[in-house]
Amino acid sequence: MTTAPARPPLVRSSDRVIAGVCAGLANHLGWPVRMVRIGMVVAALAGGAGVAFYAWLWIMVPTADESARRNARRPASPIAPAVSLPETPDVAKRPDAPDAPGAPDPRGTPATEPTGPGRTKFSGMPFGKEILLGAGLLLAAGILIARLLGVDVPLGTLIPVAAILGGAAIAWMQLDETRRAGLVDKTKADQAGGWARLAAGLALVVAGVLVMVSGSGSWEQTWLALLASVAVLGGVALVLLPWGLKFWRDLETERAGRVRATERAEIAAHLHDSVLQTLALIQRRAGNEHDVIRLARAQERELRGWLYRDADRESGQLSDSIKAAAAEVEDALGHAVEVVSVGDCVMSQRHEALVQASREAMLNAARHGGGAVSVYLEVTDAAAEVFVKDRGPGFDPDSVPPDRLGVRESIIGRMNRHGGTAAIISSPDGTEVRLRLPVTAAASAAANNANGEAKP
Amino acid sequence: MTSPASGNPAPGSPTPGKPAPVRVVIVDDHAIFRSGLKADLDPDIVVAGEAGTVEEAIAVIAVQRPDVVLLDVHLPGGRGGGGREVLAGSAPLLGATRFLALSVSDAAEDVVSVIRAGARGYVTKTISGAEISGAVRRVAGGDAVFSPRLAGFVLDAFGTAPADIADDELDKLSARELEVMRLIARGYSYKEVAKELFISIKTVETHVSAVLRKLQLSSRHELTRWAAERRLL
Chain A
-15 MTTAPARPPL
-5 VRSSDRVIAG
5 VCAGLANHLG
15 WPVRMVRIGM
25 VVAALAGGAG
35 VAFYAWLWIM
45 VPTADESARR
55 NARRPASPIA
65 PAVSLPETPD
75 VAKRPDAPDA
85 PGAPDPRGTP
95 ATEPTGPGRT
105 KFSGMPFGKE
115 ILLGAGLLLA
125 AGILIARLLG
135 VDVPLGTLIP
145 VAAILGGAAI
155 AWMQLDETRR
165 AGLVDKTKAD
175 QAGGWARLAA
185 GLALVVAGVL
195 VMVSGSGSWE
205 QTWLALLASV
215 AVLGGVALVL
225 LPWGLKFWRD
235 LETERAGRVR
245 ATERAEIAAH
255 LHDSVLQTLA
265 LIQRRAGNEH
275 DVIRLARAQE
285 RELRGWLYRD
295 ADRESGQLSD
305 SIKAAAAEVE
315 DALGHAVEVV
325 SVGDCVMSQR
335 HEALVQASRE
345 AMLNAARHGG
355 GAVSVYLEVT
365 DAAAEVFVKD
375 RGPGFDPDSV
385 PPDRLGVRES
395 IIGRMNRHGG
405 TAAIISSPDG
415 TEVRLRLPVT
425 AAASAAANNA
435 NGEAKP
Chain B
716 MTSPASGNPA
726 PGSPTPGKPA
736 PVRVVIVDDH
746 AIFRSGLKAD
756 LDPDIVVAGE
766 AGTVEEAIAV
776 IAVQRPDVVL
786 LDVHLPGGRG
796 GGGREVLAGS
806 APLLGATRFL
816 ALSVSDAAED
826 VVSVIRAGAR
836 GYVTKTISGA
846 EISGAVRRVA
856 GGDAVFSPRL
866 AGFVLDAFGT
876 APADIADDEL
886 DKLSARELEV
896 MRLIARGYSY
906 KEVAKELFIS
916 IKTVETHVSA
926 VLRKLQLSSR
936 HELTRWAAER
946 RLL
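Going down the list, the protein sequences come from chains A and B.
By my numbering, the letter at position 388 of the first sequence is numbered 372, and the numbering carries on one by one without gaps.
When you read off a place in the second sequence, starting at 1, and then add 715, the result is the number in my numbering.
Next comes chain A alone, as it looks inside the complex:
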């Protein structure tokens, strides 16, 4: 078989007379199906070679479904294909990076490429069948040669053994590799304990048989009975195995289909609830620019959260709370609030105060400042810091009347009570509120608590 570049893979076609082998072969080779079928029949008449070839392909070649499923094993995100898809060009391109203007540096070239661990896992498996078959054929050839040389090979026992082994191998091969792996995994047969248990069980059975034999009747009789029962069991298994397998496969296909359908329904429901509703609202409110911007902003935020959410990340982080507060302000006042966060930590009681103070600062910034509000959260080992900046006309923090609770109480007072600090820097170009909450609560909190109680 030559390797033409664009040849469809060899799979068993669903357009079948017996097992879809001929159609698949024809598709693969680009020959007419009829010709392949006739050829196969002719070959079958020529001493059964066609039959053997057909059977061999039947066993070895997966069906189109199986093959597709095998190739699709790396799951791609259904929602954001653009995000998960392009990564190989990136890796290929990295050595080009030193060509960037004004930046020749010899150190940059050994780019460590994060090769996905999932890609190399499945190599090695496909050759198992071939090796097994080759070994079998070699063995058969060896036996034939031995017979030719005059060595007496006990064919009477070898042939049944070979038949049993062959049958087992065929049955085993019918499971595709994932299911085989799943089976091995489920029975824990790959672990040392599994093998030990198996061996112990076999030993017990053999011992039982020996006891039975020594206890009653002759060896001959027991042996025959044992053989007969094994034969019956084997036969039953042989008859039922294909049915069981087929049933199992159908079940699995159906389950996969159901999962896909559920996922699709979920996406559709989400889009309907959010995006379609918003679009409808925007159309009705097209005259009101303020409302349109607010709706679009809220929808964007929501969709972004849904698309780029990190499933692994636990919720209840500080950055989540800050972002939620920003969203609240954005919704309430219709001003864009951009949040950038570096580092993160789990929320605590004290962080709640930080979030409240930040929220108050954002509200002020959105209310009095113009344009977008920038919020920056940085969590280090030492402290959590929040900066809220606007580009409004600014004000003099000292001129704020003492009865105005907003700044003095909700921001500065609150931070001080919880062992943090707050500073407000205002200039004609804008105002920035800087909040800092050290991690080591105990000492600073005690010190500041004294301060905080002395103040009011």
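I should point out that these hints are in silico values taken from the structure, not numbers from a laboratory.
Please note that the accuracy of each hint is not assured.
Some chain B residues judged to face chain A by a derived CB distance under 7 Å, without partners named [stated by the list, open to error]:
{"#": "1", "residue": "822"}
{"#": "2", "residue": "864"}
{"#": "3", "residue": "902"}
Listed below are several chain B residues computed to face chain A (Cβ distance under 10 Å; list not exhaustive) [unchecked claim]:
{"#": "4", "residue": "849"}
{"#": "5", "residue": "868"}
{"#": "6", "residue": "875"}
{"#": "7", "residue": "897"}
{"#": "8", "residue": "903"}
All of these numbers come straight from a predicted model, not from anything done at the bench.
Quick reminder that beta carbons are idealized off the backbone N, C-alpha and C, glycines included.
Chain B: place on chain A using the hints.
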């Protein structure tokens, strides 16, 4: 083009009276966005060409040789690599033509990968007309454009602890570079950063360009691991 009087940092707005037009090519697959952006750009920025796919973009850029390419990160066509493929396809021009990446995506891997492919800056599509015009001029002048979000990514990737000595080690940011990045992440403009740190705008630009270089060239373990982590969305 950005050559403000370094002794006078306060009114250092770029291009006070220099009418040398900047030629740009807009690469985006949404025609509505392209026309909107064209209308938003300042009059001294001339749109020399437009493209909607990877192949078109490479062809138009090769013919027009613009000063700046406004490049959408997610583009159809090519082998699915989007903006990065355009950058790779235009690699011989990278010295003369500067790329400014535009995207709706906040995803860190999009941002970082396009910068590492050679873009000189990254801004989100919600940026205003005046801001994008300023960014185009800055990139045309050979400087880097960092949005607050990109600065946040840099701080996240390189860590917030400074390098011990202010050497030009690639895997760490110097204390000064960290300060500049922090201020940009807080929403400061270059001018405000310069004022806050008592340095000239030119120095701020030098620091930002140094950070961009580190981001492009660093083989820092955290950077690649961090990008790989975020890819598991």
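Cross-check of the supplied hints:
Annotation: interface hint on residue 822 of chain B holds; nearest CB of chain A at approximately 6 Å, less than 7 Å. With a least beta-carbon distance of about 5 Å to chain A, the hint placing residue 864 of chain B at the interface is held under the 7 Å criterion. Here the hint on residue 902 of chain B is kept, as its CB sits about 3 Å from the closest CB of chain A, short of 7 Å. For the restraint placing residue 849 of chain B at the interface with chain A, the shortest Cβ-Cβ distance is roughly 15 Å, beyond the 10 Å limit, so the hint is violated.
Interface restraint check: residue 868 of chain B against chain A, minimum CB-CB distance 9 Å, threshold 10 Å, status holds. This hint holds: residue 875 of chain B has a C-beta 6 Å from the nearest C-beta of chain A, less than the 10 Å allowed. Interface hint status for residue 897 of chain B: upheld, as the beta-carbon distance to the closest one in chain A is roughly 7 Å, under 10 Å. Look at residue 903 of chain B: its Cβ gets to within about 7 Å of chain A, closer than 10 Å, so that hint holds up.
Comparing the model with each earlier hint shows a violation of hint 4 alone; every other hint is respected.
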